[in-house]
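Q: Residues 813 to 1101 in my numbering are what the sequence shown spells out, letter by letter.
All clues given are correct.
Cut-off 30 Å, straight-line C-alpha distance, at most; resulting in silico cross-link-like pairs (DSSO-like, lysine-lysine): (1) K911 with K890; (2) K890 with K910; (3) K1013 with K988; (4) K1040 with K828; (5) K1021 with K945; (6) K1082 with K890; (7) K1082 with K1013; (8) K911 with K901; (9) K945 with K911; (10) K901 with K845; (11) K911 with K845; (12) K828 with K911; (13) K1005 with K1021; (14) K901 with K945; (15) K945 with K828; (16) K988 with K894; (17) K992 with K939; (18) K910 with K845; (19) K1037 with K1005; (20) K992 with K1037; (21) K1082 with K911; (22) K988 with K845; (23) K945 with K910; (24) K1082 with K1040; (25) K828 with K903; (26) K988 with K1082; (27) K894 with K945; (28) K910 with K828; (29) K988 with K890; (30) K939 with K910; (31) K1016 with K992; (32) K845 with K1082; (33) K1016 with K988; (34) K945 with K845; (35) K945 with K988; (36) K890 with K845; (37) K988 with K1040.
Calculated directly from the structure, the hints in this document are not laboratory data.
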Amino acid sequence: MNRKSRIILVPVDFEKASLTALEQTFNLARLLKLEIVALYVFEETGAFARFLGQDRSTEIVARISADLEELARQTEEKSGVKVTAMIEKGKPHDVILKKADELNALLIFMGTTNSTDEEIVGTTTHKVVRSAKCPVITVRGVSYHDGCRTILLPLDLTAESRQKISWAVEIARLYKASIKTISVVTSSDPEIKQTLAIQQKQAKNFIEKLNIPCAAELIDAQGEKPVKIILDYIEQHPEIDLVVIMTQQELGIVDYFLDSEAQQIIRHSKVPVMSVVPKEIGFTSIRIL
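Take these sequences, add in the hints, and give me the full structure.
A: Following this line, the structure appears as structure tokens:
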């Protein structure tokens, strides 16, 4: 966790999902003494601008700006932390990524909605998760437990550094939460199952040495897809308040990853999902899904 970063960036469009994401930042902002930046991106396409005309476009931006300032004021009053309103023009994902870099954002919180296409995550969310340099927490437009009781880490055999679970550890410490690791066995090969069990034990021991309660579970897929098993597991364990997954930006296969497991988890998970981009490769251990 970058202690020099003091900003949580929250793109808002005044829809329920983005407002829920905004509310989800309150506890973390208070605990870490962070500021919240509420960002509205006004996408002014050529055809749209010609249809409205410059005067009408300026009027709309002024109205949105006033609404955003009022939202920031109410949010600051409700949360007890500093909230800044920011309105920018451009393509949403480009502006969000640019502002996250300029502000050196610690986190981006984004609301997601239920797309009619079950196989896709919203284009803006997809592009931000894929390219952001900081972790992105995606939140669906429903209510959540106020705080974090248990963090879920799905693990597989891909070699990665232990530092990749640092976010889960940091959040667990802040909220005095526990961590659950699960590994889905999709092979009948006993060696693979044994290796998964060893990896899980290593992860559990690593987390427990940091004085964080940790439970580990090995689940036989029995022909089911790992993503379905993970989503069912979340459903069956209401104490889980956050899922942490890993993207593979630096390996150049992030499009494949986000078009499969991660995208499905982001879209279907009933609890917030933190997508973390590995920043550097350290000593080999485990990878978060």
